[in-house]
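S.K.: What follows is each chain in one-letter form.
There are 2 protein chains.
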Amino acid sequence: MLGLMQDWPLLISKIIDYGACQHGSREVVTRSLEGPVHRTDYAAIRARALRVAQRLQRDGIAPGDRVATLAWNTWRHLEAWYGITGAGAIYHTVNPRLFPEQIAWIINHAQDRMVLADASFVALLEALADKLGCVERYVVLTDGAHMPATRLRNAVSFEDWIGEVDGDFRWLDLDERSAAGLCYTSGTTGHPKGVLYSHRSNVLHSMAMAAPDALGLASRSAILPVVPMFHANSWSIAFSAPMTGAKLVLPGARLDGAAIFELIETEGVTCAAGVPTVWAMLLRYLDEARARPSSLQRLIVGGAAAPRSMIEQFERLGIEVFHAWGMTEMSPVGSIGSLKPALGALEGDARIDVKCKQGFAPFSVEMKITGEQGERLPWDGKSYGRLKVAGAAVARAYFRDATPILDDEGYFDTGDVATIDANGYVQITDRSKDMIKSGGEWISSIELENLAVGHPDVAEAAVIGIAHPKWGERPLLVVVPKPDCRPRPEAILAFMSGKIAHWWLPDAVSIVSELPHTATGKLNKVKLRELFREQRLPAA
Amino acid sequence: MLGLMQDWPLLISKIIDYGACQHGSREVVTRSLEGPVHRTDYAAIRARALRVAQRLQRDGIAPGDRVATLAWNTWRHLEAWYGITGAGAIYHTVNPRLFPEQIAWIINHAQDRMVLADASFVALLEALADKLGCVERYVVLTDGAHMPATRLRNAVSFEDWIGEVDGDFRWLDLDERSAAGLCYTSGTTGHPKGVLYSHRSNVLHSMAMAAPDALGLASRSAILPVVPMFHANSWSIAFSAPMTGAKLVLPGARLDGAAIFELIETEGVTCAAGVPTVWAMLLRYLDEARARPSSLQRLIVGGAAAPRSMIEQFERLGIEVFHAWGMTEMSPVGSIGSLKPALGALEGDARIDVKCKQGFAPFSVEMKITGEQGERLPWDGKSYGRLKVAGAAVARAYFRDATPILDDEGYFDTGDVATIDANGYVQITDRSKDMIKSGGEWISSIELENLAVGHPDVAEAAVIGIAHPKWGERPLLVVVPKPDCRPRPEAILAFMSGKIAHWWLPDAVSIVSELPHTATGKLNKVKLRELFREQRLPAA
Chain A
1 MLGLMQDWPL LISKIIDYGA CQHGSREVVT RSLEGPVHRT DYAAIRARAL
51 RVAQRLQRDG IAPGDRVATL AWNTWRHLEA WYGITGAGAI YHTVNPRLFP
101 EQIAWIINHA QDRMVLADAS FVALLEALAD KLGCVERYVV LTDGAHMPAT
151 RLRNAVSFED WIGEVDGDFR WLDLDERSAA GLCYTSGTTG HPKGVLYSHR
201 SNVLHSMAMA APDALGLASR SAILPVVPMF HANSWSIAFS APMTGAKLVL
251 PGARLDGAAI FELIETEGVT CAAGVPTVWA MLLRYLDEAR ARPSSLQRLI
301 VGGAAAPRSM IEQFERLGIE VFHAWGMTEM SPVGSIGSLK PALGALEGDA
351 RIDVKCKQGF APFSVEMKIT GEQGERLPWD GKSYGRLKVA GAAVARAYFR
401 DATPILDDEG YFDTGDVATI DANGYVQITD RSKDMIKSGG EWISSIELEN
451 LAVGHPDVAE AAVIGIAHPK WGERPLLVVV PKPDCRPRPE AILAFMSGKI
501 AHWWLPDAVS IVSELPHTAT GKLNKVKLRE LFREQRLPAA
Chain B
1 MLGLMQDWPL LISKIIDYGA CQHGSREVVT RSLEGPVHRT DYAAIRARAL
51 RVAQRLQRDG IAPGDRVATL AWNTWRHLEA WYGITGAGAI YHTVNPRLFP
101 EQIAWIINHA QDRMVLADAS FVALLEALAD KLGCVERYVV LTDGAHMPAT
151 RLRNAVSFED WIGEVDGDFR WLDLDERSAA GLCYTSGTTG HPKGVLYSHR
201 SNVLHSMAMA APDALGLASR SAILPVVPMF HANSWSIAFS APMTGAKLVL
251 PGARLDGAAI FELIETEGVT CAAGVPTVWA MLLRYLDEAR ARPSSLQRLI
301 VGGAAAPRSM IEQFERLGIE VFHAWGMTEM SPVGSIGSLK PALGALEGDA
351 RIDVKCKQGF APFSVEMKIT GEQGERLPWD GKSYGRLKVA GAAVARAYFR
401 DATPILDDEG YFDTGDVATI DANGYVQITD RSKDMIKSGG EWISSIELEN
451 LAVGHPDVAE AAVIGIAHPK WGERPLLVVV PKPDCRPRPE AILAFMSGKI
501 AHWWLPDAVS IVSELPHTAT GKLNKVKLRE LFREQRLPAA
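Sequence lines, in order, name chains A and B.
All letters in the first sequence, in the order written, are residues 1 to 540 by the working numbering.
All letters in the second sequence, in the order written, are residues 1 to 540 by the working numbering.
Please note: incorrect hints may appear among the correct ones.
[As the list claims (entries may be wrong)] Some chain B residues near chain A, calculated using beta-carbon distances under 10 angstroms: (1) Gly19; (2) Pro148; (3) Arg200; (4) Val394.
[As the list claims (entries may be wrong)] What follows is a set of in silico ranges between Cβ atoms, one per label pair, in the way DEER data are often shown: (5) A:Asp349 / B:Ala47: 57 to 63 angstroms; (6) A:Gly521 / B:Gly268: 54 to 60 angstroms; (7) A:Glu265 / B:Glu34: 36 to 42 angstroms; (8) A:His502 / B:Ala47: 15 to 21 angstroms; (9) B:Asp175 / A:Lys499: 51 to 57 angstroms.
[As the list claims (entries may be wrong)] For the chain B half of the interface with chain A, some residues (derived, Cβ under 7 angstroms), not all of them: (10) Gly3; (11) Ala62; (12) Gly64; (13) Gly216; (14) Ser219; (15) Ser510; (16) Ser513; (17) Pro516.
Hints are computed from structural coordinates only; laboratory data are not their basis.
Values in this document were obtained by computation on a predicted structure and should not be read as measured data.
Quick reminder that beta carbons are idealized off the backbone N, C-alpha and C, glycines included.
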């Protein structure tokens, strides 16, 4: 027997309708790419998104078509998302930091019919345009006055483009399971894979993220997503902000410490979200400028593990750090960490110990860790295994790819290795492929790296396994020193010694001037292993 | 094109699975009907709910069957809900305060196959048992030691009943739109009508309620639903607490000021929810005992309008009042009021003015107010019209009743008359049938009542329309004085004069010793109109 409640589909249009209706005058503030700070509100965002949808339809874009965006976090990018999804089409966020060949590959794989791009990416697109036969039109996210001269096909400025319609449009009635967004994962090997979000998954993920133990978004909040919209839905914020009436502060292209600090102060930001690299820049700026943020209460750190020292520094400033973990396939948040009451009384180092873990799963995310045979391992904080997830906003397949990716119980294998403690806190130990197997036992490269960067002279560290005749593999530590520092390998090993099991201590340390990174800023260990392919360990 | 995300149905079993997995040791504390305070946790609630489901299945209860509960808020009632829904059956909460004939009518209309009842309601059920042919078994929510001798069919104590199974059970895989709960509205006229909640509507309503601007539930919260589980899902709390890991404090049958205060203090309650009557009792107790709650931060007041003086008193104690409005047909919350940032700077009377309104719609609720022709009226805080709602947890029909209840746009007519201001705050002016039409203009009976109870000698007030040869109708004020007070009618009218439009002033005041109420404690104006049928107004 079915219930007798209304059929109210979980559509993205419901979010912006709600934001405009209940929080219509709540501000959306952008540091524009043209320079000045731009101010609008949810009512205006909706009104202009209706024009986008209407214009897309006039240009022949049909439900299910892909429309790429290649853009920083701005109000126009936001309008594009709501307009595209409101017309039943799919926003395909392309990461402009990818290598040009990857961008071309992705746009072709997605078969994007249109590309909406910031003016600063026009040159990049012009260089690729010959390879992008599927793209019928390029819309530059600017106005007529700032429109660059370009030979891109049917190029038009966003303002001129939507200026030709009146906004008299009704959002499409869609099945809530309809595809809404597409984002490719940037693996270090193989071709990128597309994750195809639905309206339903985005709405549910955003509802879960608004909860007090996650982003904690209220109408009185002001949230700054430094995390780009092209990183897996900006961790829900482009949706959860209008859903809750939180003020939205968008950084445009300037992510440096001074720019971020200024936005926080002038806009009264209460919550900010981004990767550790960004927060390291902010900390450096705060230190140099002898400044401290006055309104910031909650800092969400994700995308990579936050170093302990970073967590300590922000907490000393009175800003609570919420360490999060997730991936593109999870929409993306899989865990986020406020302190559960059993832990709430912890102070000092014990508190930071918990904050260094990646938090716990919010409602709608299910987790397990499994051993070599796929068996479930206990949540004891010690057993580590493959981290597998299920939930309302977890992928079940990749776009245009028939490969099955779920196990017998319907879980997706994240490729991460983790422990989960008795309180449910996840600690990512490593990517499974980066674990080092020494004498049949696992060594976590990430733990060694985190420890090494605690040395005062070390700026960045990477650990990879090197073949060893006796142990199979042994760890090699590769280190980039801080400017004007010349740490000795023995000093670094001495610093690490005693803080880990003795047999985890790297067999060698190599000092280099830089480490290879992927387009999204992650350590590229595949490349690193290539560079050190000939390396022999001293004792081997 | 559909998205490629997992099919993760919004089932009630997902809530208790999550609560047990992530917040398994979080307490559920009950003032038991047997006397002592009882403590359990979400892991144990789930384990015992699995036994309930298994036992129901062994007793032949099939998906879609209705199982009634006639019970106060206790851990066993909670286990019953999760067990019933986990077996695919439907919990039908019966309000024990209804008149016995209504209880029998409702159980028969629902065709309940089983009744789970507190021991204190056994006598009530025995008196009705002959009329309840559909009921195959009665389970008394107690243990063997407290089991009363009874001739109820197949009667068994809850503990003995679930003691016969081992809990080795898997929640049923269900369509998320499956019926999960049934609650009858207790109108003042006609037969009660059944609202049939789905798994999906309950999950979505609870997710919306957990948000910071509504209940604001985090794992560190401790919530006390004084509102009974038989009042429309206890305003979501039986679901939103395990969904967020909030500690759940259940008052059993003792709702008096001393008992509630004691629970708040001993259990560190941060949020409590109930009707104004309960909070009036608490205020009286606090006054007499010269006490003040130390942990309570947020008070949810709904079910009837909270008097201004009540809001003022709690806010003076540093407890933020969230005035809510809703109805059984809305699962039930339709609006709830934190202060939006545009209003956040308000202090003193201006702040209380906003708090006296019933808040704004959370995400997933849509509203409109309409005029005589069904046309939409502006949100200006002045225009009042029929309040109509749509949303993910709003009824589209009643159980076993073919009458259409939605308008052309899919909105449900609440029967309330309201204004909505430019900030989205709802103010319920009256039930549409209680408005008084004088000379073609509307007078709100509720506004007059709220004003009259502000008089120091007035305990309770009701206003009804009396036929008038010139004006059509004119208001009659009926007043119950406070103990040992003898207010004169002229003094009350003088008190009200100047605070409302002159023509709103009642034409007469009648002093009575008590007013008629419905079984749920609401003013019974139908009865009141009958009592004053022969009344003539002085000037008429």
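S.K.: Determine for every hint whether it applies to the structure shown.
M.R.: Consistency of the hints with the structure:
Interface restraint check: glycine 19 of chain B against chain A, minimum CB-CB distance 9 angstroms, threshold 10 angstroms, status holds. Using the Cβ-Cβ criterion of 10 angstroms, the hint placing proline 148 of chain B at the interface with chain A is not satisfied: the shortest such distance is roughly 33 angstroms. Given the 10 angstroms rule on beta carbons, the hint for arginine 200 of chain B holds: about 7 angstroms separates it from the nearest Cβ of chain A. With a cut of 10 angstroms, the hint placing valine 394 of chain B at the interface with chain A holds, because the nearest CB-to-CB distance is about 5 angstroms.
Hint check: aspartate 349 of chain A to alanine 47 of chain B, Cβ distance near 35 angstroms, so the stated range 57 to 63 angstroms is violated. For the hinted restraint 54 to 60 angstroms between glycine 521 of chain A and glycine 268 of chain B, the CB-CB distance of approximately 44 angstroms leaves it violated. Separation of glutamate 265 of chain A from glutamate 34 of chain B is about 58 angstroms and departs from the stated range, judged on CB atoms against 36 to 42 angstroms. Remark: the range hint 15 to 21 angstroms for histidine 502 of chain A to alanine 47 of chain B is contradicted by a beta-carbon distance near 43 angstroms.
Taking the beta carbon of each, aspartate 175 of chain B and lysine 499 of chain A are about 53 angstroms apart, inside 51 to 57 angstroms as hinted. Taking 7 angstroms as the C-beta contact cut-off toward chain A, the hint placing glycine 3 of chain B at the interface holds, the least distance being around 3 angstroms. Checking alanine 62 of chain B against chain A: minimum C-beta separation of about 10 angstroms lies over 7 angstroms; hint violated. The interface hint given for glycine 64 of chain B is met, as the beta carbon of that residue sits about 4 angstroms from the closest beta carbon of chain A, less than 7 angstroms.
For glycine 216 of chain B, the shortest C-beta to C-beta distance to chain A is roughly 6 angstroms, which falls under 7 angstroms, so the interface hint holds. At its closest, the beta carbon of serine 219 of chain B sits 5 angstroms from a beta carbon of chain A; the interface hint therefore holds under the 7 angstroms criterion. Proximity of serine 510 of chain B to chain A is violated relative to the hint, the smallest CB-CB distance being about 42 angstroms (cut-off 7 angstroms). With its C-beta approaching chain A no nearer than about 42 angstroms, serine 513 of chain B sits outside the 7 angstroms limit, and its interface hint is violated.
For proline 516 of chain B, the interface hint is violated, the least distance from its beta-carbon to any beta-carbon of chain A being 31 angstroms, above 7 angstroms.
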